[in-house]
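Undergrad: The hints should help you fit chain B onto chain A, whose structure is shown.
Same order as they appear, the protein sequences are chains A and B.
Quick note on this note's numbering: the first sequence kicks off at 1 and runs consecutively.
Quick note on this note's numbering: the second sequence kicks off at 1 and runs consecutively.
Everything labelled a hint here was simulated from the structure, so no lab data went into it.
Be a bit skeptical, because a hint or two may be false.
As the list claims (entries may be wrong) - Derived BS3-like pairs: lysine-lysine, alpha-carbon spacing no greater than 25 Å straight-line: (1) A:Lys85 - B:Lys168; (2) A:Lys85 - B:Lys164; (3) A:Lys10 - B:Lys159; (4) B:Lys161 - A:Lys85; (5) A:Lys10 - B:Lys161; (6) A:Lys10 - A:Lys85.
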Amino acid sequence: MQQHTTVIDKAAMALSGGLMLLGVVVLGIVEILAGQPYGAAPLTNDAGEVIATPMVDPTLRTGLVLAGLLVLALYGAYRLVAPTKDEAATAQQEITAD
Amino acid sequence: MSYQAANPLADEFELELGGAWTAYWLAFLRVVTGWWFFHAGVTKLIEDGLAYTYGPAYLRQMTGTALGPIPVLMGEHLGWLIQALVPLGETLIGLGLMVGALVRLASVFGVFFMALFWIGNAEFGHGLVNSDLMGLLLFMTMIVLATGRYYGLDAIIEKTKLVKRHPKLRYLLG
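This is chain A alone, in the form it adopts within the complex (with noise of 0.2 Å):
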């Protein structure tokens, strides 16, 4: 079976798919080329000092996946509220000609 995507769909997959790669992939490999250290998380020594920070904000990254996140659901709500193809075919049947 063959599943037509419409613009839309095509735009919530791109948007969705780029902001939760860059997100976590893109900004991940930007974190280990940074040196340590090479998570999230602050590294600590033994006496739970901190001795290095992540260069970029796990804040950001972690918003960037929500972002991404929120563009399902509004895709996801979107497809709730608008017509399905059966329904616009029958809208369309329902049309007269003069």
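TA: Using the frame of chain A, we list chain B on its own:
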């Protein structure tokens, strides 16, 4: 082993959403994800009933996150509701997934819970991709692949007259 030399993927393990192995695996994944949340919720209900006081306390400590003041405000002003909704929500989400009913709706709430846990636990020592994010992605997978249709009650519910009259309900079922 493939029986078609031209298409190495076209064997019994082909990833086709109507395929037997895909149905088996998606149903299995759904039930395990459901059990994970059901267990978390029902044990809270057994121990604390609808007064899970750690819920609002957990939200109140979520300062300086990407969610801004939202969790702190929730913890401060909706404490009574959160004490009840955390155990009840986890239990119902888990139950929904296990029996395969209203899977997409339940999974939306699952994503909401996991987003809070992912941000709130902030266990990012080994990067952003941790078990909390994986849990969140599992719920997203339930929504995208409509796993309730595989050996789940949603497969039956979607055939009812009510759903046929209101096909958009499939966005909450499935």
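Undergrad: Run every hint past the structure and note whether it holds.
TA: These are the hints, each one checked on the structure:
Proposed proximity of A:Lys85 and B:Lys168 is supported: the alpha carbons are some 11 Å apart, at most 25 Å. In summary, the hint linking A:Lys85 to B:Lys164 is supported, as the alpha carbons are separated by about 14 Å, within the 25 Å threshold. Among the hinted pairs, A:Lys10 with B:Lys159 is inconsistent with the structure: their alpha-carbon atoms are about 29 Å apart, more than 25 Å. At most 25 Å may separate the alpha-carbon atoms for a hinted pair to count; B:Lys161 and A:Lys85 meet this at roughly 19 Å.
Distance restraint check for A:Lys10 and B:Lys161: the Cα-Cα separation of roughly 32 Å exceeds the 25 Å cut-off, and the hinted pair is therefore not satisfied. Between the alpha carbons of A:Lys10 and A:Lys85 the distance comes to roughly 17 Å, so the proposed pair stays at or under 25 Å and holds.
The structure is inconsistent with the numbered hints 3 and 5, although it conforms to all the rest.
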